[in-house]
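Asker: Put together the whole structure using the sequences plus the hints.
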Amino acid sequence: MSNNSFDIRAYTGFRAITFLCLAILYAPLVVVTIYSFNASQSLTNWEGLSLRWYVEVFTGPESAKFKTAARNSFIIAIIAATTATILATLAATAMVRGGKFRLRTLSFGLISLPLMVPEIVLAVATLIFFNSIGLDRGLLTILLAHIAFCIPFAYLPISARMQGIEDSYEQAALDLYATKRQAFTKILLPLMMPGIISGFLLAFIVSLDDFIITNFVKGAGVETLPTAIFGSVKQGIKPNIMAISTLLLLVSIVMVTISYLVSKKDNTK
Amino acid sequence: MSGDTKIAIDVREAVKRYGDFTALKTISLSIMDNEFFTLLGPSGCGKTTLLRMIAGFEDVTEGAIYLYGDEIAGLPPNKRPVNTVFQNYALFPHMTVLENVAFGMEMRGRSKSDARKRAGEMLDLVQLQQFAARKPSQLSGGQQQRVALARALAPEPKVLLLDEPLSALDLKLRKAMQLELKHLQRETGITFIFVTHDQEEALTMSDRIAVMSAGELQQLGSPTDIYERPHNMFVADFIGETNLLEVSVDAIKEGRATCHLGGGHELTCNAVDGIGIGSKVHMSIRPERLYMSDSPAEAESLKGRVKENIFVGTDITTIVDLADGPDFTVRTSNSDRGNKRIFEPGAEMFVNMERGAGRLLVD
Numbered sequence: 001m002s003n004n005s006f007d008i009r010a011y012t013g014f015r016a017i018t019f020l021c022l023a024i025l026y027a028p029l030v031v032v033t034i035y036s037f038n039a040s041q042s043l044t045n046w047e048g049l050s051l052r053w054y055v056e057v058f059t060g061p062e063s064a065k066f067k068t069a070a071r072n073s074f075i076i077a078i079i080a081a082t083t084a085t086i087l088a089t090l091a092a093t094a095m096v097r098g099g100k101f102r103l104r105t106l107s108f109g110l111i112s113l114p115l116m117v118p119e120i121v122l123a124v125a126t127l128i129f130f131n132s133i134g135l136d137r138g139l140l141t142i143l144l145a146h147i148a149f150c151i152p153f154a155y156l157p158i159s160a161r162m163q164g165i166e167d168s169y170e171q172a173a174l175d176l177y178a179t180k181r182q183a184f185t186k187i188l189l190p191l192m193m194p195g196i197i198s199g200f201l202l203a204f205i206v207s208l209d210d211f212i213i214t215n216f217v218k219g220a221g222v223e224t225l226p227t228a229i230f231g232s233v234k235q236g237i238k239p240n241i242m243a244i245s246t247l248l249l250l251v252s253i254v255m256v257t258i259s260y261l262v263s264k265k266d267n268t269k
Numbered sequence: 001m002s003g004d005t006k007i008a009i010d011v012r013e014a015v016k017r018y019g020d021f022t023a024l025k026t027i028s029l030s031i032m033d034n035e036f037f038t039l040l041g042p043s044g045c046g047k048t049t050l051l052r053m054i055a056g057f058e059d060v061t062e063g064a065i066y067l068y069g070d071e072i073a074g075l076p077p078n079k080r081p082v083n084t085v086f087q088n089y090a091l092f093p094h095m096t097v098l099e100n101v102a103f104g105m106e107m108r109g110r111s112k113s114d115a116r117k118r119a120g121e122m123l124d125l126v127q128l129q130q131f132a133a134r135k136p137s138q139l140s141g142g143q144q145q146r147v148a149l150a151r152a153l154a155p156e157p158k159v160l161l162l163d164e165p166l167s168a169l170d171l172k173l174r175k176a177m178q179l180e181l182k183h184l185q186r187e188t189g190i191t192f193i194f195v196t197h198d199q200e201e202a203l204t205m206s207d208r209i210a211v212m213s214a215g216e217l218q219q220l221g222s223p224t225d226i227y228e229r230p231h232n233m234f235v236a237d238f239i240g241e242t243n244l245l246e247v248s249v250d251a252i253k254e255g256r257a258t259c260h261l262g263g264g265h266e267l268t269c270n271a272v273d274g275i276g277i278g279s280k281v282h283m284s285i286r287p288e289r290l291y292m293s294d295s296p297a298e299a300e301s302l303k304g305r306v307k308e309n310i311f312v313g314t315d316i317t318t319i320v321d322l323a324d325g326p327d328f329t330v331r332t333s334n335s336d337r338g339n340k341r342i343f344e345p346g347a348e349m350f351v352n353m354e355r356g357a358g359r360l361l362v363d
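If you're matching them up, the sequences are chains D and Y in order.
Residue numbering for the first sequence follows the numbering used here, starting at 1 and increasing by one per position.
Residue numbering for the second sequence follows the numbering used here, starting at 1 and increasing by one per position.
Rather than coming from a laboratory, the hints here were simulated on the basis of the structure.
Some clues are possibly wrong.
Said to hold, decoys possible - Cβ-to-Cβ under 8 Å is the rule here; a few derived chain Y residues that face chain D: (1) Phe57; (2) Gly74; (3) Pro76; (4) Pro77; (5) Asn83; (6) Ala90; (7) Phe103; (8) Pro155.
As the structure is a computational prediction, the values presented were derived from the model and not from experiment.
Where is the CB? At the ideal position from N, CA and C, for every residue including glycine.
Answerer: Structure, rendered in structure tokens:
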């Protein structure tokens, strides 16, 4: 292929633009990661390799606050992603297998619209909604809000996967004496599993790092990791923030890797 | 058919409509026990719709379908003792070959070990026992096809439905599978209903064929019936190659109709009910029922000139230009070359038709 004159690599400036994009995308992350291992108190002067700030995260004065926040974040992410994934799976089954029902296009729009609405609008709307029904702000409100905005993120990979599964598999199952429920649990669900896992992981990450909506609907004193980090940063950036950020980055990388590996294992082929 | 043969599937005045569109227009046909029955027709003729109505994937708008005397039109697919071999096989990709074949039996309530044992036997039958632990994607198209067959036969259905199962295979494999299917049908004694658009496939395998077009049954009969005695234009044209001549019937006497075609040429053939004197209809003459000679050799003999010879391997096809009349296609088998003459292009000769070779068609 390298002899192909239409090869994009042959275009002028291809290499430079590629490196520029990569640099803009990843330079900040690389800097944060490297400086999280800095022995110095300073953010900019390198004074040698150290795990000092990681120790600080787990044992320092702010460690109790971060631990509670991390626990809140993970609990919310797990419950929100699980609930959203179940709802999204049901929605995808109805949308993709429900035939051409009326308002199908509208339904799809309603499910995916939250992805396009500015998050601040969602945040304000959610807050007003909770106020109007008299729900006190706290972990529960965060959880409900997260479930709601995670659904479209879980829905997209699940429905994409489902569209790739021909309905002749379910027909074959029905033809071979399976009930509708058996056709779903024994055939459709296993085939959808890669999409469901991707959807779950995506929802999990989105929930874990959400700041704007969480900040609006959380009660006083209730923190998740992003709001706790934001709170700390307001008093000045300390290297322990970089350590936490690096740890979060690690979690994301692990999740994305799992998601990639799962989606690569295409079991319909 | 002997008198005591049971009817496996009885389709009674079945109609299928999708909104304003009528896919099937009042079809009635009976498929006998232990029969290899083929639904043949071009795409969109309604053959697959009818098959899916028997399987239970499409409901019946009007009419009824009986399976060995029981009305099945209202039953869901999993309550019908019929199984389908799908066009794309639809093997479950996440299961092994053995699990695929055992699936139907397990769903029917047989124990796992029992179902697996029987699945193994089915794989023996289609000679795939060594592939039992593989995934379907690790098999070739022909092997997948045989797994689909084993899977559908394993729960011992009363009727097996096959939806163009050979269309994805290459020619050689398709020919081999045609014979294998036919043998399998005889061995198992299960009624097969086979859907295809390939007339040669239908002629090779079937006990009886239903030719369909535009949602209607055109003709029902044995392969010989359909080929030798087509009812109408569509059947004659769709099955095999034929000379379709526009003729008008001049006289009918003692069961023979005298017809003239253009250019003063005249041919006689058996009269057909419903085609009277003065009718303008078509006559079908199979090219292999014609032969050429220097002088008239039969009562039905027409003078013409050779336009072209086309060598097609087993046969030679000759295009003949009748003086002031239509073109004729004559096919001479290469094994007949000792007895039958081939003329060079431009040569004048006579085209001879055996008695009974011409067939008048209802439009």
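Asker: Look at each hint and say if it fits the structure.
Answerer: Hints, one by one, checked against the model:
no.	hint	verdict
1	Phe57	holds, 6 Å
2	Gly74	violated, 15 Å
3	Pro76	holds, 7 Å
4	Pro77	holds, 4 Å
5	Asn83	holds, 6 Å
6	Ala90	holds, 4 Å
7	Phe103	holds, 5 Å
8	Pro155	holds, 7 Å
In summary, the structure is inconsistent with hint 2 from the numbered list given earlier, while agreeing with all the others.
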